[in-house]
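Protein chains: 4
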Amino acid sequence: MRIEKDQIEAHNELAAVKHKRKFAFMSEEIEGLEGIIEKLIKFQIAIPSWALGTGGTRFGRFSGGGEPGNLEEKIQDIGLLHALNRSSGAISLHIPWDIPTDYDAIKSLASSYDLKFDAMNSNTFQDQADQAYSYKFGSLQHVDKGVRQQAIDHNIEVIRQGVALGSSALTVWLADGSCFPGQLNFRGAFQNTLESLEEIYAALPDEWKIFVEYKAFEPNFYSTTVGDWGQSLLYATKLGPKAYTLVDLGHHLPNANIEQIVSLLLMEGKLGGFHFNDSKYGDDDLTAGSMKPYQLFLIFNELVEGMDAKGMDHATGLGWMIDASHNVKDPLEDLIQSVEAIMLAYTQALLIDRKALLAAQQENDVAKCQEILQDAFRTDARAIVQEARLRTGGAANPIQLFRELKIREKLIGSRGLKTVATGL
Amino acid sequence: MRIEKDQIEAHNELAAVKHKRKFAFMSEEIEGLEGIIEKLIKFQIAIPSWALGTGGTRFGRFSGGGEPGNLEEKIQDIGLLHALNRSSGAISLHIPWDIPTDYDAIKSLASSYDLKFDAMNSNTFQDQADQAYSYKFGSLQHVDKGVRQQAIDHNIEVIRQGVALGSSALTVWLADGSCFPGQLNFRGAFQNTLESLEEIYAALPDEWKIFVEYKAFEPNFYSTTVGDWGQSLLYATKLGPKAYTLVDLGHHLPNANIEQIVSLLLMEGKLGGFHFNDSKYGDDDLTAGSMKPYQLFLIFNELVEGMDAKGMDHATGLGWMIDASHNVKDPLEDLIQSVEAIMLAYTQALLIDRKALLAAQQENDVAKCQEILQDAFRTDARAIVQEARLRTGGAANPIQLFRELKIREKLIGSRGLKTVATGL
Amino acid sequence: MRIEKDQIEAHNELAAVKHKRKFAFMSEEIEGLEGIIEKLIKFQIAIPSWALGTGGTRFGRFSGGGEPGNLEEKIQDIGLLHALNRSSGAISLHIPWDIPTDYDAIKSLASSYDLKFDAMNSNTFQDQADQAYSYKFGSLQHVDKGVRQQAIDHNIEVIRQGVALGSSALTVWLADGSCFPGQLNFRGAFQNTLESLEEIYAALPDEWKIFVEYKAFEPNFYSTTVGDWGQSLLYATKLGPKAYTLVDLGHHLPNANIEQIVSLLLMEGKLGGFHFNDSKYGDDDLTAGSMKPYQLFLIFNELVEGMDAKGMDHATGLGWMIDASHNVKDPLEDLIQSVEAIMLAYTQALLIDRKALLAAQQENDVAKCQEILQDAFRTDARAIVQEARLRTGGAANPIQLFRELKIREKLIGSRGLKTVATGL
Amino acid sequence: MRIEKDQIEAHNELAAVKHKRKFAFMSEEIEGLEGIIEKLIKFQIAIPSWALGTGGTRFGRFSGGGEPGNLEEKIQDIGLLHALNRSSGAISLHIPWDIPTDYDAIKSLASSYDLKFDAMNSNTFQDQADQAYSYKFGSLQHVDKGVRQQAIDHNIEVIRQGVALGSSALTVWLADGSCFPGQLNFRGAFQNTLESLEEIYAALPDEWKIFVEYKAFEPNFYSTTVGDWGQSLLYATKLGPKAYTLVDLGHHLPNANIEQIVSLLLMEGKLGGFHFNDSKYGDDDLTAGSMKPYQLFLIFNELVEGMDAKGMDHATGLGWMIDASHNVKDPLEDLIQSVEAIMLAYTQALLIDRKALLAAQQENDVAKCQEILQDAFRTDARAIVQEARLRTGGAANPIQLFRELKIREKLIGSRGLKTVATGL
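Residue numbers (UniProt numbering), protein chains in the order written: chain A, 1 to 424; chain B, 1 to 424; chain C, 1 to 424; chain D, 1 to 424.
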């Protein structure tokens, strides 16, 4: 299933008058819109293959219908998404949930939707049916070298698959940690993990990066062996120049200042990428920007400022990915909303008067600093994002068109009502 | 010191063209703006007398200059504020910091600035020089009836003073609680507090309300005797129909859903009023809307919906007050920013398509519910608030005019550089 | 499988000398030990039927072996536990996971292990295969009366089953809430839930109680319709005298003072029962006393003091239950540890010098209050709990005997290695 | 004022019979007590000079009486403390609150009480009367080099004073940070702070250490420029081998796993020292061990294990200090309680069966790991600590003797009732 160009054009035509008026107004209000729109067009957010089905909690899962049953269907779903918003031009695979049978066919399918293969994700937080050792007590941290080796080998296998698909990064998220005081020797767990990561690191091809993701808690509830940015940075520094920290917005203790972490990691040259989502309590994996949109904006403020200072390209300098769980919304609608929120935050960050901000900071004019940030945040950036989308063939209103075209109904028609996406 | 009408007009004239264009655009975009503007004009937020000087922490205070040295100067400061934004038409006094010597003169002064006397605040969290008993171990909760009686008498005296000034509400914030396990018998402390409040309640004139404020922690660091909305509601229910709960946004445990509390208190007919501020960690008392503007919007969403459902008048149905501490900003600039943020959140809440939201909720269309809320929040509401301000004689850009007129410099000139506002 | 009396006696004999010396020492140190031991003997903690298998998280589950495959085997497991510690003489069933086929046989089986049927638990947080309506968007709160009625009927059916088994309480834990701002009308959800609970309440037999459990978050991540003790108390009060609040230790926001909540609920006559577990981050469902043993002691301090003040019998005045998830430990060993920690905390609370504490509180002698509590907490209470266990035929060291008898190995032998307890 | 040897002996004689019985019992129960007692005797905890008066919050302070009015009296107070518990043999000074006028006299006075001079503390979080620049917007981070230089010079002056007194460490706690988004350029603030610290570091004599303390929030409420262990470690690593991280137990986000941080800092060779206190919500500065005694034990578990693994001497390998605020207790009683709690936690950590724990960890026997830790924690260690105290001439029950000797009353007699310790 594909969305046809004329379907999008018909939708856009109806929205054209209103949009043109809005965009004209914004163009008068704001200088330099063209440069911003160029950046927006280049900015692509990868979609993880596991975000296309209904997610759940330990208490249950309430499946929606029409979920993708294999890798081909997942690619198709992201293709639909990308056709609508033109900002989701990459897919992030999870092994072993998404092992391709025919690499060329998969690459060609993805390419037909204008999709690239973003960072590969390994899985050592679950036991697979045919596995020799269990990860019940950790993987790369495990006291038993046999378990560690199994996990190392798996990661190297994931790299191999990524190479075949044209990816160039490995994201390692470890559930490793402990549930009770005394369970682990923290230093021992760290050292084991480091040694394991070193073996994986050694297997990285040139030009590849490894992202070491941190998480404060869950599924372990006492300690986590890559628990915060400080720990991740320690690993990444000890590993070498290809190793970076990956920030998932939901992986922090309550009240953490994530934007400061982002800034400092950029300073150290060790920020690798992002997992976007939102949360109120823990790793709630909610739609990006649905709970704390101002925080998302402040993070992009640091990203834009820090990447510009480092001369990094916004689109390619870091790995951009969504990592969310769609428990009560249609996964594709949820993703449309996430991408839109990210694009808006990025746009608003681009609207900040950097020169004025710097000057106000130099004068400790705190009230003015706030005025400058809020000035950008309070600006209605929707017409700008929409303009960028329209120029690249996307839909004026992706979620509306998704509904008008009855895409979910058609997916249910072809895939069935009682479906569970692979890996969920 | 007063801001003259022609000073405001001169400022507004310069801003007129740009504003008119913006407001014309908004008027085309949004239906029913006139009704919203009417509501904005009526909506007034009380300024507490203690928010006019530089605040501090237990580690120190860095005074600014030109702070008001007495009640007359505090009224003058709020007068300046109200002249600029026309939304700060009330003052909330704190006894014993603000005991008037001549009630008629004070009332007449306030009236000359178009200011009313909002809720009175008592103080039993500090010892005054001439006090018989100490509040070191609590006031209304104290194991010693002598201490309780002293605190009761003080509250009744505050009511008396409020009557003389034309106020009609008493806000009771208690620091009562304990710092260590075992220090208090929780039930005993609750019962003592309840009995004390009953005596104060009995002294309330007809038409008066008493607001029982809750706070999770600080200055007590183990337990608080009015610690959360549940406890406050228990007191308010046991006291009677004149007793209400007061919500201060900074008085909750991490991650609390304040908007739900607001909704339920409205449901029970026991929401009395608000202390606006913002925070990241605890009772940080930061500028309203500076940290979590979406939360502020969600709270106003509940207020508008709930008050409308109850047939309550937005402007007069609840007590609206700022309670912040200005540690690093000019207090008046900080207050301008707080009021602006509150007005924007209120406006955006008024923009919500209630009918569509209700319908989406009935269909569990979660994505659409979010679209509807975000649609309102993403709207740039500044021109609407500005229009309301202009129509009532306020300044196009209050903080800018405050600076253009060099008000702080003039206050320093007349009051001096090394100043500490009474009570700070 | 049963543990034979002579197996326990053989184990105890080996431990006798050491224990006698310890207990003799404690008897000299502490007055009134006999009264305490009497209370300990009567104190029984119910085991939930779902705590006998390995638990998991949304990320995975690492099953242990020998898990019970049906209700009979679950009763057997608790029988083993109770034989070892003599403090686990009740089972709490979960419907529909534990629907008996032959009530008399089940009752007789339980009775053969000296087990009673504690509170019944309904389940409206998952969809069952044959269900007409889905609980994806809530159950008792649902906007659709059809869904609500289905959930009401289920609860009434659970009561019916409880009656058949000799239970006398229904615990209602609702996952109802919302994941995103705007999804719910909070007041509407509350009112729907209240009306639903009223129908269930009306179906309660005489002498039955209904426990309304609250939880701050998970599986919903924005709001919960019974989210805190204040909301639960509102429901319980509106429902009537048979309705009570149930406190699960893991269901609070960070830093909540649970012991104060316990005290106030007792004051209001509305505390119904407990779900014991421990946690660091959220509803981690860890072994009771494994993370914050002092908090557990402080809670028992309030329970003992408050129940004594109300003339309530410790053993029967409230519902005592464990609610934990055993992700990395043998479930039976984990339960042994939980029960032991609870008994120790209860014992230490009984050791508190109440008269001295009251006197110190009256004098605001905070340091002394702390000394008195710590005096009890720092006492090694293990010999006292052991003595109570020995007197009633339990094992000197339950976990050690469990291992010596190779109970888990035998369960694996009879039930198999790859098992999943029903409901997990 | 001094406590005489015969006063202590008289007190101890009365307690002797009971203690001997207890200690004899413990000696039979536990092997190797003598080695533990030796370690306890050597273990000394420094008392900060600012902890001898009544502390307060931003809301108020309720002074007790007899507080020390100058450095000599502070030394006297710690002398009293040390005479009672023999574990408080060091004082930590705060400049400019404690600038000596005669170094030899002060050293001789301290020596007469058997006290050493521990780490020196600088103060750049408050403005002093004669200061050229204000620290309102930070000190070492400040955008203005003039302010930074003033703060650098102050720290170098503190080192100079420390040299004169025989101290060998400087603790730098910075309040630097920001209250609002946008106020700071995070990287700029970090770089400025680093450069400033480098200048201070260059002024350190041989054998001196610098401790970089981190704190998550307060008095700044948005960001802190040394905000967590990761940031502190970055500074310490960049500075060089004399720079270490200092851990204050109250300076973390909610739910932080402090013991893991301790373990990792030891691993990196960068743990410098401790500020002991306890807390429930933030930097509550409560008596050590009063809120979370198990956490304190777990921290000592890591310290003992990690220091032993590194071959560090427990007594001298790290800086041990209390940092608390005594708002509602007699400061000296509060300190006695803190020291006792620390000694108990240390003792219990020494009681852990390390060999068994290591073995259980190697087997992932989580239940047993917990048993081993709880076995030590549940042991009543009071007689052991008391024995160590008695052997070095301390009091059987310090707090009781403090009261029997009416020390506070005598201090009030000599110093007066209305007192405020310098610096508070």
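Careful: at least some of the hints might be erroneous.
Below, simulated SDA-like cross-link-like pairs (lysine to any residue); rule was C-alpha separation at most 25 angstroms, straight line [claimed, not checked]:
id	chain 1	residue 1	chain 2	residue 2
1	C	Lys22	D	Gly32
2	A	Lys42	A	Leu165
3	A	Lys22	B	Ala356
Derived list of chain A stretches under chain C, where covered just means 3 residues or more per stretch with a C-beta under 8 angstroms from a C-beta of chain C [to be verified]:
id	segment
4	51 to 63
5	129 to 136
6	212 to 224
Hints listed in this document are in silico derivations from the structure and should not be mistaken for laboratory results.
Where a beta carbon is used, it is the ideal one built from N, C-alpha and C, also for glycine.
Which of the listed hints are not met by the structure?
-> Violated hints: none at all, because every hint is consistent with the structure.
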